[in-house]
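Please build the complete structure, drawing on both the sequences and the hints.
Residue numbers (the working numbering), protein chains in the order written: chain E, 1 to 469; chain V, 470 to 896.
None of these hints come from the bench; they were simulated from the model. Quantities reported herein were computed from a predicted structural model and do not represent experimental measurements. It is possible that some hints are incorrect.
[To be verified] Pairs of lysine to any residue, SDA-like flavour, derived with a Cα cap of 20 Å: (1) K723/V to P775/V; (2) K856/V to H222/E; (3) K140/E to G857/V; (4) K784/V to Y146/E.
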Amino acid sequence: MVVLAILFPAVFGTLLLLGLPRALGVWGAGLSFLLNLYLFLTHPGGVAFGVQAPLLPGAGVYWALGLDGLSALFFLTIGLTVFLGALVAKVEGRFLGLALLMEALLLGLFAARDLLVFYLFFEAALIPSLLMLFFYGGEKRLRAIYTFLLFTLAGSLPMLAAILAVKALGGSPTFLLEDLLAHPVKGPAAFWVFLGFALAFAIKTPLFPVHAWLPLFHQENHPSGLADALGTLYKVGVFAFFRFAIPLAPEGFYELQGLLFFLAAISALYGAWVAFSAQDFKTLLAYAGVSHMGVAAFGVFSGTPEGALGGLYLLAASGVYTGGLFLLAGRLYERTHTLEIGRYRGLAASAPGLAALALFLFLAMVGLPGLSGFPGEFLTLLGAYKASPWLAALAFLSVIAGAAYALTAFQKVFWEEGGKEVEDLRGPEWSFAALAVAALLLMGVFPGYFLDGLRPLAEAFAKLLGGGA
Amino acid sequence: MTLLVLGAFSVALTLLGFLVSVPVFKRLTILGLSLALLTLLFSWSKPFAFGPYQVDGISQVFTLLALVGALWTAGLVRTRRFEFYLLVFYAATGMHLLASTKNLILMLVALEALSLPLYALATWRRGEGLEAALKYFLLGALAAAFFLYGTALHYGATGSLLAGTPGEGPLYALALGLLLVGLGFKVALAPFHFWTPDVYQGSPTPVVLFMATGVKAAAFAALLRVVAPGAPEALSLLIALSVLIGNLAALTQKEAKRLLAYSSIAHAGYMALALYTGNLQALGFYLLTYVLATGLAFAVLSEVSPDRVPLERLKGLFHRDPLLGLALFVAALSLLGLPPLGGFWGKYLVFTEAAKVGQWGLLILALLTSVVSAYYYLSLGLAVFQKGEAVAAPRPLARGVALLVALALLLLGFLPGIVLPALAQGG
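In C-alpha cells, the structure reads:
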C-alpha cells in the first residue's frame, strides 16, 4: 500500500512531465490525497502497510518502507497541501508534474524504515526542488539554486559519513531502523556521529545560523507559491532529529543538547523579529517558518513526550497553514502583480472571501486555540518548560511576536483604507478555501484524534532519553 | 574465447580494411566487439587460464566495461576512414589482455598495445590536437618506462614477475611505487594527470569517450592486481591530490570536455579508495556507473559538436532536443553522486571500503570535495535548460542509446542489487 501511495503521484508526475494536460495532475493530486487519507484513517497502529526487500544484498540495505502513526500523519498533510496547491496554482502541467514527483519523494522520505533509503529520498527530493526553482524562478534564481544546493550538500555529505559510521561503530548488521535502534553508537564517537546528522538536519529545519538559504529560496521561487509550499514540506529537519539523529546517537545528543536548545530559541526569536520587519509577503512567511520551526525543534530537543508530540504536530500542521499561506500569496500576486506588503491595502472590501481565508490561515499560524497551530504550540510549551524554563520563556516570546507580525501583516493587506478593487475567490479557489479551513478546524478541535498515533512514539522517544513519563 | 575472437578479428580486420567499404567495415568492427562481449557473458564467472593469460572475475568485469566503451565509440564516430575503427579494435584487444594477466611483462605489452592505437587516435584531428597528442605520447612513454623499471625492481625484490606477490623492504616498496606511477598515469591520478585536460580537449569527442571509459577500466584492472591489497603509503597521497586537484580545477572550466577531464581525475581518486581492500564489487560498480555516466556525457557532447564544446554552446540543448538535454543532466547528476542515480551507490560502496580500513581523513576529504563538485556538475547539467542557441543533429541511434543509458543509471539508482551479485561472482 505504501508503495502504491508513493508510486501514484510519481506516475502522474512523470506523465505530466511528458506533456499531458494539467487537469490530469489535479486529478492525480486529488486521488493521491484520498489514498493518503484512506491510509491515515485505516491505520491500525504500529508499523503498517510496509514492504521490505533487499536493496544492496550483503551490505545490509533494504527497501524498507512502512507507515507508523507519525508517517501516516505526514502522508495526510503532504497529500492535502499538494492537492491544495494543484487546485489553485495557475501553473503549466510540467510544473505540476515536478511538484507531484517531489510529493512522491517526500512521501518516501517519511515512510523510510531504513537509514540509507531515507537518505536516498532526502537527497533525491532536492532534484525536483531545484528544477522548479530553475525553470520557474525569478531573476536571481541561479544564486538561490547554488546557495540552496551547497547548503544542502554541505549538510548531507557529512550525514553520509555519519550513516556509515553508525553502522560500523554501533555494530548493527543492517541499516534497518529497528536494528540500528538496538545498536546505538556509544562513547566519544557518538558525539561526531550526532554532529554529522545534526548539521544536515539543522540546515533542513532550518535553525539559526544555517537558515541563510531559505529567504532567497522563497523570494526566487515562482510567485504561484506551489514550489514554496513544497519547499515548506521539505523542511523535514525536526522530523529527522526525532526519528534518526537523536535515537541513533543519544549520547552525542546529550553533549549538544544545551547548544541546540539555545539555537532553537534564537531561531524562534530571530525569525519572528525579521518577519516583523519584512516588506515582502514571501520573506515574511519564510522567516515566520524559521520562527515556527525553532519552536518545533525546541519541543523535540526537550526530550519530553509532550515536547516531542507538540513539535511534531506543529511541523505537520505548519505544512498545511504555511503552505496554504504561500499559495494565498500566489493568489494575491496573480491579482495585484506584487508581493510587497505595503502595496496591497484594504483588499477585504472587494474580496471578503479571500480576507476570511487569509484570516483563518494567519490565526492558525499565530496559534489561536481551536485552529491547527494551537495544540502543537501548547504541547511544545508544556514540554519545553519542563526541560528548561528560562529558555522556554525566551522562545515563547516568539509566539507573542508571531501574533504581532501576522496580525499587522493581515491588517495592512486587508483592512487599511483606500485599497484597490480585486476579484474575490472564484472557481477552484472556493474548494481550496473550504478544504483548508476544514483541515485547520479539524486539526485544531480534535487534536487527540491526530495525536493518538504519535503518542506511543513520543513516549518511547522520551523513555530512550531517560525523561518523561 | 574472448581473446581468440578479439585476436582473430584483429588480424582479419587489418586485411579487410583495404578490401571493403567503410560502412561495411564499421559493421564488421561492431560485430567483432559484440561477439567478444557475448563470449565474455557466456563464460561469466567461469575462470579460465592459459599460461599467463588468466580470465577471472577482475578480467571479466573490466573487459566488459572496456568493450562497452569501445562499442559506444565505434558506434558513435562519424568518419570516412576505416583506420579509426581498426585502432579502436586494437586498443580493445590490448585492454582485454591488460585486464587478464598477472604477469607484469605481459601487462607491459598489453599496456603498450592499448596505448599506441590511442596515441594515433589522439592525433585524429590535425592542428591543435597534435600538440596534445605529442604530450600524451611523451608522458605515456615515460610512464611505460616507469612501469618497466618497476617490473625489474619487483623481480629483484621478490624473484617473481607475478603482480600481487607479497614482499618487503625498501626495494619492494620502490617497485610498487614505480608500478603505481606507470598505471597512475593511465588512469589519470594526480600528480600524473597533466596530459588529461589537454588531450581530452584536443581529441575528437568519441576518442575521449573511449579514453575516459575503456582505458580507465582496463588500467584499473591492472592497478587492482598490482596494488591491492596492501596498498603502499603513497596511494593515499595520490588519492588526496586527485580529488583535490580534479575537483578544484574543474570549478573554473568553461569548456565541457576540459571540465569532464578534471572530473575524470577526481573520479580516479574516488575509485582508488577501493584499492585499499581490493573489493572488486565496489570498484566494479563504481566503474560501471562512471563508465555509463561519463560515456553518456561525452556521447551527448559529440552530438553537439565533435570539437570543443564551451558550456555556452550547450545552452538551449533541452529546448532543441529534450532527450539529449535530459540525458546530459542525468549524467551530470550521476557523476555528482546524487541519489537516486547509480553514481550514488558507486560512491557509497567505495566510501564504505575506505571506512573499513579506517581511512577517515581521506573519507572526509572525499566527501568535502564531493560537495565542491556539485557546483560544476550543476553548471554543466543546468546549462542545457538555459536559453540559448545550441545546435544538435542527433541520429536516432544516438538518441536511443542515450535514453537507454539514462534509464539504466536511474534503474541502478533504485535497484543497485540487480548487478552486484554478478560483480561479486566474478571475484
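Legend entry - Hints not upheld, ascending by number: none
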